[in-house]
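**Q** Just so you know, the protein sequences line up as chains A and B, in that order.
Letter by letter, the first sequence follows residues 1 to 321 in our numbering.
Letter by letter, the second sequence follows residues 1 to 321 in our numbering.
If you are wondering where the hints come from, they were derived from the structure by calculation, not from laboratory data.
Careful: at least some of the hints might be erroneous.
Which copy is meant is left open, so a pair is good if it fits within one copy or across any two.
[Said to hold, decoys possible] SDA-like cross-link-like pairs, simulated, lysine to any residue; straight-line CA separation at most 20 Å:
| no. | residue 1 | residue 2 |
| --- | --- | --- |
| 1 | Lys137 | His28 |
| 2 | Lys137 | Asn5 |
| 3 | Lys133 | Gly27 |
| 4 | Lys137 | Val20 |
| 5 | Lys169 | Ile157 |
| 6 | Lys137 | Glu19 |
| 7 | Lys137 | Arg22 |
| 8 | Lys196 | Met266 |
| 9 | Lys169 | Tyr8 |
| 10 | Lys306 | Arg294 |
| 11 | Lys137 | Glu125 |
| 12 | Lys133 | Ala23 |
| 13 | Lys169 | Ile240 |
| 14 | Lys196 | Leu252 |
| 15 | Lys133 | Pro30 |
| 16 | Lys65 | Glu130 |
| 17 | Lys137 | Asn33 |
| 18 | Lys45 | Ala97 |
| 19 | Lys224 | Tyr8 |
2 protein chains.
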Amino acid sequence: MNTGNFIYPIQEYIDRVEEVMRANTDGHHPEINAAIEHLLSSGGKRIRPAITLLTGKMLGGSIDKLIILSAAIELLHTATLVHDDLIDGALLRRGIATLNAQWSPAATVLTGDYIFARAATLAAETESAELIKIFSKTLATIANGEITQLFASRGIIDRNEYYQRIYAKTASLFELSAMAAAMLSTTDEEIILSFKRFGYDIGMAFQIVDDILDFTGEQITIGKPVASDLRQGIITLPAIYYFENSNDRTILEIFSNGNNPFEDQMENLIDSIRNSDAISLAFQEAKRFVVHGREIFANHSDSVEKTALENLTNYIVDRKF
Amino acid sequence: MNTGNFIYPIQEYIDRVEEVMRANTDGHHPEINAAIEHLLSSGGKRIRPAITLLTGKMLGGSIDKLIILSAAIELLHTATLVHDDLIDGALLRRGIATLNAQWSPAATVLTGDYIFARAATLAAETESAELIKIFSKTLATIANGEITQLFASRGIIDRNEYYQRIYAKTASLFELSAMAAAMLSTTDEEIILSFKRFGYDIGMAFQIVDDILDFTGEQITIGKPVASDLRQGIITLPAIYYFENSNDRTILEIFSNGNNPFEDQMENLIDSIRNSDAISLAFQEAKRFVVHGREIFANHSDSVEKTALENLTNYIVDRKF
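One chain only, chain A, in its complex shape:
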C-alpha cells in the first residue's frame, strides 16, 4: 500500500498546493524562503491536502479554493512542526535536518510565527468567516494540547486523556482538512458534520498507528529509539492495552517516584509490550476508526475520488515506516 493509489486523481492539484505554499508574494526576507523551501523539501506524504482535495472534489467544490485551503492547512501543520521540533530539541524530521538544527531558536520561533501568519492569510482567502473560525480554533486546540502535555505528570495511564491528546495532536487537523473541504463545497450541514466525523475518525486511526509503529518499528527506520514516548513517560494505546490485560505493574513502578527508570527495566517492559497482544488490540481499534470513517461516505455515488479516499483510509492502517 503506497500513497500513489490515492494521490493519482489529484497529483496536479498537490503540485499547485506546493506552489501556493512556496509563493513569495509579500516580499518577505530571503531567509524565510530558504526555510520554507527546506521545510517543503522534507516532503511528507501530503495526506492532509489529499483529504481536503479528495473530499472537496467528491462534493463538487471549487478546486481553486480547495487548493488554497489545502495550502493553508499544510502551512499550519508545518508551523506547528517547526515550533514542536524547537521545543523537543529534535535535530531530524523524516531524515532531514530540522530548522532549529541549523538556525537559532529566535529565527526558528519567528519563522514558525511567520508561517502561521501565511497560513491564516490563505485561510482568509477562502472568504469564509466560519471556516476561518474553525481554522483558528484548531490551532488553539493544538497549542492547548501541547501545553497540557507539557504540564502533565509522567506515566499516567488514562484512556480518556490519551484520546484527548491524540485528538489535539493529530485528529483535530484531519478533522479540519475534511470538514473545511466540505464547508467550501456544500451548505448541507449534515454532510459537513459527517465529514467532520470522517476526518476525526481517520485522524485518530492515523495517530494510533503512529503510536503502534513507535513500538513495532526498528530504531534505524523510525529514526529515534523504539518506544520513545514511553521512555519519556507518555503512555500511548499499546501501553494502555498492555496494562489493562496483564498483571505487569512495571509502568506504575517505573514512573511512581518520578525518577528515571533503570534502563534494563524499561527495555524489558518495551519488549513485553512489543510481544503482547496489546499491539494487535491497538491495531484493531485503529481499524474500527477507519471502518467507521469509511461508512460515512459509503452511500455517495461512485467516483474516482471516492475510490481514492477509500484507498487513503486503507493506507492509514497499512502503512509502515
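Let chain A serve as the given structure and place chain B on it in line with the hints.
**A** Same frame as chain A, but now just chain B:
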C-alpha cells in the same frame, strides 16, 4: 498629559475588551489562564484598543464588534511580546516579570501560539474576511520585520531601513487598529484608507518617541540601560540625525569591525547624541507624523471621540516613561 483624557469616553468598553481577552470559553489548560492573567496584569496603556474604539465609535460602528476587534488586536500584540521577550531573553517588561522569566521556553512558545490562535479566532468573529486577511498580513509583517532585524548587520545607518523596521515593529499594528475599526464602521473606501494612514502616522510617531526616550530616559525609569538599541548595534532616528549632522564617525568605527566597542567609546557616543540637537530633530519628525495624522479627521464633525483622538495624538508625543 496622561491616558485619562482619551480613555474617558471608552473606559467601560476598555473594561469589556479586557474581559474578552480573559474569557476562557474553550476549556483550555488552567496554566494558560494563569499566563494570560499575568500578561494582562502588566497592563500597558491599551493605546491600540483606544485607537480602535475611538475611531470606530466616531465612525458609527457597532460597539460589540469593535470590542471583539480590539481584543483580537491586543491579543495579537500580546502574543508577539511573549515571543519577543523569549527571543531577547528579557526578564522584565513594564517592571513585571516576563512569561519566560517564570516558564520554560517550551511553555512560553506554546502560550504565544495559543494566544495567536485566540486572537485569530476573535478576528474571525467580526465575520469580515477582508479584515481577517489584513489581520493575518499584519502578523506576517511583524514576524518578517523581526526576522529581517535578526539577520541584519549591526550598526547600519540607513533611514529607509529604519522606517521599514519601525513600520513592521509598531506602526503596522497601529495601522491595523485604525483601519480595521474603519472597515467595521463604513464601506467608504476613502475613509478606510484615510484611517489606515492615520494609524500609520501615529504608529510611526509612537515608535520614534520610544526611540527618543531610549536615549533621554534614565536607566531607572526605562528599566534597561540607556540607548540599549545602540548598544546592540541597532541604529534609531536620534543616532541617524546625529550622524547626518556631525562629523563624528564613531558609529562607523565602533561597528565596522563587528567587534564589541570599547565601553568608554560607547558611553561618549551616547552622551554626545543625548546632548546634540539630534534629539529635537527626531522629536520634530514625530510631531510632523502626528500633525499629519490629526489632519486626516480634522473635517469630521465634533464629537467626544474626536476630541479624545486628538488628545491621544498629543499623548503620543508628550508621554514620558
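**Q** If you check each hint against the structure, which ones fail?
**A** 2, 8, 9, 14, 15, 19
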